[in-house]
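Participant: Now for the letters of each chain:
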Amino acid sequence: MVENRPLANLASHLILIVGVAIVAFPVYLALVASSSDPTTIANGQLGLLPEGHLFENYWKVLFEGTERSTKQPMIVPLFNSLVMALVISIGKISISLISAFAIIYFRFPFRHTAFWVIFLTLMLPVEVRIYPTYKIVADLGLLDTYAGLTIPLIASATATLLFRQFFMTVPDELLEASKIDGAGPWKFFKDTLLPLSMTSVAAMFVIQFIYGWNQYLWPLLITTRDDMQTIVIGIQKMLYVTDALTEWQLAMATTILAMLPPVVVVVAMQKLFVRGLTETEK
Amino acid sequence: MQKRSYFAGRMLPYALLAPQLLVTIVFFYVPAAQAVWQSFLLQDAFGISTEFVWFENYQLLFSDAAYYQAISVTAVFSVLVTVAALSISLLLAVQADKSLRGAGVYKTLLIWPYAVAPVVAGVLWLFMFQPSLGTLARGLRHFGVDWNPYLNSGDALSLVVLAAAWKQISYNFLFFLAGLQSIPKSLIEAAAIDGARPARRFWTIVFPLLSPTAFYLLTVNIVYVFFDTFGIIHAVTHGGPAGATTTLVYKVFNDGRAGGDLGGSAAQSVVLMAIVIALTAVQFRFIERKVNY
Numbered sequence: 001m002v003e004n005r006p007l008a009n010l011a012s013h014l015i016l017i018v019g020v021a022i023v024a025f026p027v028y029l030a031l032v033a034s035s036s037d038p039t040t041i042a043n044g045q046l047g048l049l050p051e052g053h054l055f056e057n058y059w060k061v062l063f064e065g066t067e068r069s070t071k072q073p074m075i076v077p078l079f080n081s082l083v084m085a086l087v088i089s090i091g092k093i094s095i096s097l098i099s100a101f102a103i104i105y106f107r108f109p110f111r112h113t114a115f116w117v118i119f120l121t122l123m124l125p126v127e128v129r130i131y132p133t134y135k136i137v138a139d140l141g142l143l144d145t146y147a148g149l150t151i152p153l154i155a156s157a158t159a160t161l162l163f164r165q166f167f168m169t170v171p172d173e174l175l176e177a178s179k180i181d182g183a184g185p186w187k188f189f190k191d192t193l194l195p196l197s198m199t200s201v202a203a204m205f206v207i208q209f210i211y212g213w214n215q216y217l218w219p220l221l222i223t224t225r226d227d228m229q230t231i232v233i234g235i236q237k238m239l240y241v242t243d244a245l246t247e248w249q250l251a252m253a254t255t256i257l258a259m260l261p262p263v264v265v266v267v268a269m270q271k272l273f274v275r276g277l278t279e280t281e282k
Numbered sequence: 001m002q003k004r005s006y007f008a009g010r011m012l013p014y015a016l017l018a019p020q021l022l023v024t025i026v027f028f029y030v031p032a033a034q035a036v037w038q039s040f041l042l043q044d045a046f047g048i049s050t051e052f053v054w055f056e057n058y059q060l061l062f063s064d065a066a067y068y069q070a071i072s073v074t075a076v077f078s079v080l081v082t083v084a085a086l087s088i089s090l091l092l093a094v095q096a097d098k099s100l101r102g103a104g105v106y107k108t109l110l111i112w113p114y115a116v117a118p119v120v121a122g123v124l125w126l127f128m129f130q131p132s133l134g135t136l137a138r139g140l141r142h143f144g145v146d147w148n149p150y151l152n153s154g155d156a157l158s159l160v161v162l163a164a165a166w167k168q169i170s171y172n173f174l175f176f177l178a179g180l181q182s183i184p185k186s187l188i189e190a191a192a193i194d195g196a197r198p199a200r201r202f203w204t205i206v207f208p209l210l211s212p213t214a215f216y217l218l219t220v221n222i223v224y225v226f227f228d229t230f231g232i233i234h235a236v237t238h239g240g241p242a243g244a245t246t247t248l249v250y251k252v253f254n255d256g257r258a259g260g261d262l263g264g265s266a267a268q269s270v271v272l273m274a275i276v277i278a279l280t281a282v283q284f285r286f287i288e289r290k291v292n293y
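Just so you know, the protein sequences line up as chains A and R, in that order.
Quick note: the first sequence uses my numbering, first residue 1, plus one each step.
Quick note: the second sequence uses my numbering, first residue 1, plus one each step.
Please keep in mind that the hints were generated in silico from the structure rather than gathered at the bench.
Note that this is a predicted model, so its numbers are computed, not measured.
For glycine and all other residues, C-beta sits at the position ideal for the given N, C-alpha and C.
Check before you lean on any hint, since a few could be wrong.
What the hints assert, rightly or not - Facing chain R, a subset of chain A residues (Cβ under 8 Å, in silico): (1) His13; (2) Ile15; (3) Pro26; (4) Leu29; (5) Ile41; (6) Gly44; (7) Ile95; (8) Ile104; (9) Arg107; (10) Ile118; (11) Leu124; (12) Pro125; (13) Pro132; (14) Leu239; (15) Gln270.
To be verified - No more than 25 Å apart at the CA atoms, straight line, and that leaves these computed lysine to aspartate or glutamate pairs for DMTMM-like: (16) Lys98(R) x Glu279(A); (17) Lys237(A) x Asp226(A); (18) Lys237(A) x Asp255(R); (19) Lys3(R) x Glu176(A); (20) Lys98(R) x Asp194(R); (21) Lys237(A) x Asp228(R); (22) Lys187(A) x Glu173(A); (23) Lys98(R) x Glu189(R); (24) Lys185(R) x Glu279(A); (25) Lys71(A) x Asp226(A); (26) Lys3(R) x Glu279(A); (27) Lys135(A) x Asp261(R).
Extracted from the complex, chain A is given alone in its bound form:
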């Protein structure tokens, strides 16, 4: 701090508090709504303080499902989202680790080509190849399956880049020492490289878990059955019901459930999260 100016500091605190309030208000209101009853919301009488139906609403959403719309108990889509997020994050990390290992620790023809093939997928997000990709997944018979939900998203240029970058900084002496000890590639990877990479792996996991959990367009395309949906798709289905009112208290409970796991991951692993974000994007 260059100079001490109490008034300026007070202004800073005020700005930050207003910022935090704006960021938190929509979620607070959703929480209030998820503790309310349908008539209060439908009549436009929802106040700013929680009401007494919190437990009842979450129980209903999780284990009984909505009365109109899909009638799907949300515990199933929650489980699907968890599977999707875990398979995608662990899958991306695993195949990127071994790809980066191959590119850095071996000499072979087409090494640079392989790197570029992986790298250029950055320029092909799913949104620019929606229907052809859908058709391939359909032709492989993977619609409405966990494999179809996850495998097409498992390639990762960012993770490969990050691990490649990290392996470059690992001292050559470590490999030489391992080779003198007679260690083969697998032993070196497992006993030396992997333990050193754990922080990068954990940081990557936080980022990719959120990425997998929050996927929207892809599950929307390739799932049709209610019991294969993910939780974020479940919310959307709840909003649009034909000839009936949206059950807002249940939709808002689902919204809170959908954001809880990734938000907990970010807050609990804040240091790793910040590290993962700044390392992968720069």
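Knowing the structure of chain A, use the given hints to seat chain R on it.
Facilitator: Just chain R, lined up with the frame of chain A:
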């Protein structure tokens, strides 16, 4: 990418690369190539015969008023979200960068929306502004504002802009804060000794040094608006009313789902591909420049 020593192995490196390469080829390159190929084909109404028509699909696309509407919606949407999200997060980051008491707490309380899915952000804001029962919509009506995002295109666009910007503040905040913290304190102290007031120090020292971060965030925010806001639009407005919130990505999705015009849909995808390639190239040129800083 050269190591002094490495493993000998002829087949092993290929085996290690195989899973990643297989996924990229089957699910990235083949469909992308198919999209390019299909964009040159015209299928008849019954899907029996296809004909190679060169750029006819593109000509049709660029003579379609609805496509120009989607381009302008996307442009307006990008500008509004980017300006709002960047300026608010810069303001907050500058405050949090001062060594205030509780700065760490503010940081935690500001970064969690990164974890919220765009569609969830959209639904949260829709609930507040739902015309008949939303808490804030009721407030607007109280002040005589006739608010209805289901019918009024300006209202619909404002709603999706608010939701999209709200979610992006946390990401921008983190990068601005990191950028601010990497500026040497001695520079600021020197300027203070020369008698520069805080506002002047900010505009003549901090802001120019922050410009690489700002420029990086600018491209990231544009990519975010183009691609990641699909969930917000799909859940909140369905591209309506009358196409007022139909972005380029939403249009590809919607036109393709309606079926029929395979070539036209593929041409739209190819245009989007060109946009991503351009944006990514800009982003990487910036990163290279920054390395030489």
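Participant: Each hint should be assessed against the structure and marked as holding or not.
Facilitator: Consistency of the hints with the structure:
1. With a least beta-carbon distance of about 7 Å to chain R, the hint placing His13(A) at the interface is held under the 8 Å criterion.
2. For Ile15(A), the suggested interface contact is upheld, since its CB lies about 5 Å from the closest CB of chain R, less than 8 Å.
3. Of the supplied interface hints, the one on Pro26(A) holds, with its beta-carbon coming within about 4 Å of a beta-carbon of chain R, less than 8 Å.
4. Contact between Leu29(A) and chain R, as hinted, is supported at the beta carbon level, the nearest pair being about 6 Å apart and thus within 8 Å.
5. Checking Ile41(A) against chain R: minimum C-beta separation of about 6 Å stays under 8 Å; hint holds.
6. Proximity of Gly44(A) to chain R holds as hinted, the smallest CB-CB distance being about 4 Å (cut-off 8 Å).
7. Using the Cβ-Cβ criterion of 8 Å, the hint placing Ile95(A) at the interface with chain R is satisfied: the shortest such distance is roughly 5 Å.
8. A cut of 8 Å between beta carbons decides the hint on Ile104(A): the least distance to chain R is about 6 Å, and the hint holds.
9. Restraint check, Arg107(A) versus chain R: the minimum CB separation of about 6 Å is within 8 Å; hint holds.
10. With 8 Å as the threshold, the beta carbon of Ile118(A) comes within range of chain R, its nearest partner Cβ sitting at about 6 Å, so the hint holds.
11. Using the Cβ-Cβ criterion of 8 Å, the hint placing Leu124(A) at the interface with chain R is satisfied: the shortest such distance is roughly 5 Å.
12. For Pro125(A), the interface hint holds, since its Cβ comes within 8 Å of a Cβ in chain R; the closest pair sits about 6 Å apart.
13. For Pro132(A), the interface hint holds, the least distance from its beta-carbon to any beta-carbon of chain R being 3 Å, beneath 8 Å.
14. Hint status for Leu239(A) relative to chain R: holds, with the closest Cβ pair at about 6 Å, below 8 Å.
15. Checking Gln270(A) against chain R by beta carbon gives a least distance of about 6 Å; that is within 8 Å, so the hint holds.
16. The hinted pair formed by Lys98(R) and Glu279(A) meets the criterion: a straight-line CA distance of about 24 Å does not exceed 25 Å.
17. Proposed proximity of Lys237(A) and Asp226(A) is supported: the alpha carbons are some 10 Å apart, at most 25 Å.
18. Note on Lys237(A) and Asp255(R): the hinted pairing holds, with a Cα-Cα distance of about 20 Å set against a maximum of 25 Å.
19. For the suggested pair Lys3(R) and Glu176(A), the alpha carbons sit about 11 Å apart, so the restraint of at most 25 Å is met.
20. The suggested pairing of Lys98(R) with Asp194(R) holds, with an alpha-carbon distance near 20 Å, which does not exceed 25 Å.
21. A hinted pair counts as satisfied when its Cα atoms are at most 25 Å apart, and Lys237(A) with Asp228(R) qualifies at roughly 19 Å.
22. At roughly 16 Å between alpha-carbon atoms, Lys187(A) and Glu173(A) fall within 25 Å of each other, so this suggested pair holds.
23. Restraint check for Lys98(R) and Glu189(R): satisfied, since their Cα atoms lie roughly 13 Å apart, inside the 25 Å limit.
24. For a cut-off of 25 Å, the pair hint linking Lys185(R) to Glu279(A) stands: about 23 Å separates their Cα positions.
25. Taking the CA atoms of Lys71(A) and Asp226(A), the gap is about 9 Å. The hint holds against a cut of 25 Å.
26. Distance check on the hinted pair: Lys3(R) and Glu279(A) sit about 22 Å apart at the alpha-carbon level, within 25 Å; holds.
27. Restraint check for Lys135(A) and Asp261(R): the C-alpha separation of about 15 Å stays at or below 25 Å, so the hint holds.
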